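Enquirer: Mind docking chain P on chain F? Use the hints.
Taken in sequence, the protein lines are chains F and P. The first sequence begins at 1 in our numbering and counts up one residue at a time. The second sequence begins at 1 in our numbering and counts up one residue at a time.
Hints are computed from structural coordinates only; laboratory data are not their basis. Keep in mind that a hint or two might mislead.
Where chain F lies over chain P, by a calculated footprint (3+ residues, C-beta under 8 Å) [stated by the list, open to error]:
hint	segment
1	128-139
2	143-150
3	164-173
4	278-287
Ranges of calculated distance between the beta carbons of each label pair, as one might list FRET restraints [unchecked claim]:
hint	chain 1	residue 1	chain 2	residue 2	range
5	P	Leu13	F	Ile226	19 to 29 Å
6	F	Leu66	P	Val31	52 to 62 Å
7	P	Ile52	F	Leu211	54 to 64 Å
8	F	Val6	P	Asn129	45 to 55 Å
9	F	Ile343	P	Asn129	20 to 30 Å
Quick caveat, the model's predicted, so the values are computed rather than measured. Ideal placement from N, C-alpha and C gives every residue a C-beta, glycine not left out.
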Amino acid sequence: MTTYIVRRLLVSLPVIFGILVAVFVITRLLPGDPCRALLGEKATEAACAAFNSRYGFDQPMPIQFLKYLQQVLTGDLGDSIRFGVPVTQLIVDRLPTTIELTAISLTIATFFGIKLGVRAATKRNSRTDVSTMIFANLGVSIPVFVLGLLLAYLFAVVLKGTPIALPPANRYTAGVIPTEIAVAWGLAGLQGPLRGLLDFISNMAIPNAILTLNPGNLLDAVKHLILPSVALATIPMAVIARITRSSLLDVLGSDYIRTARAKGLSEREVVSKHALRNALLPVATVVGLSLGGLLSGAVLTETIFGFAGIGRTISDAITARDYVVVQGVTVIVSVGYVVVNLIVDISYAYLDPRVRINS
Amino acid sequence: MNASAQTPFRRALRSFLEQRTARVGLALLLVLVTAALGADVFASYSPIDVLIDKEPGAIRLAGPCINALGCDGPQHIFGLDNNVRDVFARVLHGARLSLQVGFLTVGFAIVLGSLIGAVSGFVGGWVDNLFMRVMDVLLAFPSLLLAIAIVTVIGPGLINTQLAIGIVAIPIYARVMRASVLGLRDREFVAASRALGASEASILFRKILPNALTPSIVQGTLGIGGAILDVAALSFLGLGAQPPTAEWGSMIGGDRNLLFSSPHVVVFPGIAITMTVLAFNLVGDGLRDALDPRLQR
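So here's chain F without its partners, still in its complex pose (with noise of 0.2 Å):
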């Protein structure tokens, strides 16, 4: 176990590396030069100048890389052009919305997904499994925002006023303030790492108003994440479905489960305690597979109900041109990704031996 996630790290390196590599082509591949992107078109000669020594932009491009390396390896991503504040500091302000946002998801797929594949597979061709089906491939097949804007506008307009009425855009109600977790429990005094752990779970809404003991403010939390996390969670929720629905139709025609049938046990105990674990192998995958998906989908989610997370961040830096913010959170969240894929992988390997024996 221990060799395979030493392989497992060593293989993630040069993809992390590549990935910087990636978004530093990028960045040079800008059209028109970096100074007057910054500075404006009107910037002097003798400005951009000192502006490209400035930033090194006179360098040769291997120095410049070395440079841009060690910036990212000590956690500088640059300043955003429109706010001014580091990108570093914009990320620990808005990733937890989003972390909050996919997490909600992924459960949500995650769960009704096996649930739904499950009772589909073990009423196979019944008009459950045939429903769930059409379901999951409308599910697969309807974009993001469009799911997004239709629960936004049935919940919001078409049942305003009564009890199920849910709020079609913002984090919480106008007015709602959260408190601060590290000033809620006396310690506002408190810096270092420590406050920065605090401060980055106090952004999450609902851990927020757990910790710091608001009932009022959890409530108006849970109510403006429902529509946002049912629209991320469906497309997951429909792959998840479908492979649980396969991968269970196929370990339930296997030898051992005629075994376990023919020794008395009720059916339901057969697919619970034999097959669905075989089963749930190849939906390990798929779930880890989803969380580039939700990411994605959590640009278009946060930019329709208005959410202050990262997502919207992006699409709001590529309406104000603001590359630092683009290429800063483009490299932080795709080395997350990696980073959880990697985990995925373990727990994978965890879970099935014929993983870390073969590979």
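Expert: Coordinates of chain P only, in the frame set by chain F:
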């Protein structure tokens, strides 16, 4: 019927048409192609014509008006949009654009990806290693994010968006083709060609490639739906098709703030995208089941 008398093509076709979902997909696809080809015939308005001064009574965001249902004004089956354009005409012309976008984007990705994958699998060694590590890096990005980053650099526009989505899709086709080539390169017919003195390039492109295409075609059909979705998403964000082009994603993105008062401007293009993607997914699934020998009963 005697099964051995059937050609592999006819057998695959039959197996494809036996699936109900594949037939549904094919029917949807036919509707789409008809809509796209006949857009000028079916829609009596131009997709970019602003009707405000041209047609008496045309008002901004007017809801659907269908003569057969008792509306006696000028017929606008899907209503009018924020710029007083006929939504029905825009949706039909959008079908034309989306089909083009899907085929072009996937075509680009398949050609480049297959070339990379074929060479990689056939040559092996350090070439294979280098190509596949580059593909790994491309796959390491969440796809839409990488496409967004590329478009921010090369500038917005429909062509650039297709290019970005195409680049992002290359690794999938490279991997599929590499796997097929690896499975074929040590077969007898390859050794036979080599013994007959065929050059390596001719072995790869004339002998191996034609036999290795099936999985790529299946993957490509499934990929068209995804490509249409991604291009629509970028257009929704304002990076793809620019106004006044009739493109579904940008129609929704442009008028999305009007959803609450005039849902028709979002609903109809939304249904159109969903139907298109669904059609390609169903046909792709059907093709896979019909052509994959492991799934043959």
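Enquirer: Give a verdict on every hint.
Expert: Checked hints:
Requiring three or more residues with a Cβ within less than 8 Å of a Cβ of chain F, the coverage given for the segment 128-139 of chain P holds, as 5 such residues are present. Counting residues of the segment 143-150 of chain P whose C-beta sits closer than 8 Å to any C-beta of chain F gives 7, which meets the bar of three, so the coverage hint holds. Here the segment 164-173 of chain P counts 0 residues with a CB under 8 Å from a CB of chain F, which misses the bar of 3, and the coverage is violated. Counting residues of the segment 278-287 of chain P whose beta carbon lies closer than 8 Å to any beta carbon of chain F gives 3, which reaches the threshold of three, so the coverage claim holds.
Taken as a hint, the range 19 to 29 Å is violated for the pair Leu13(P) and Ile226(F), whose Cβ atoms sit roughly 46 Å apart. A beta carbon spacing of about 57 Å between Leu66(F) and Val31(P) agrees with the range 52 to 62 Å that was offered as a hint. Taken as a hint, the range 54 to 64 Å holds for the pair Ile52(P) and Leu211(F), whose Cβ atoms sit roughly 55 Å apart. Distance hint check: the CB atoms of Val6(F) and Asn129(P) are about 20 Å apart, inconsistent with the given range 45 to 55 Å.
Restraint check, Ile343(F) to Asn129(P): a C-beta distance of roughly 25 Å satisfies the suggested window 20 to 30 Å.
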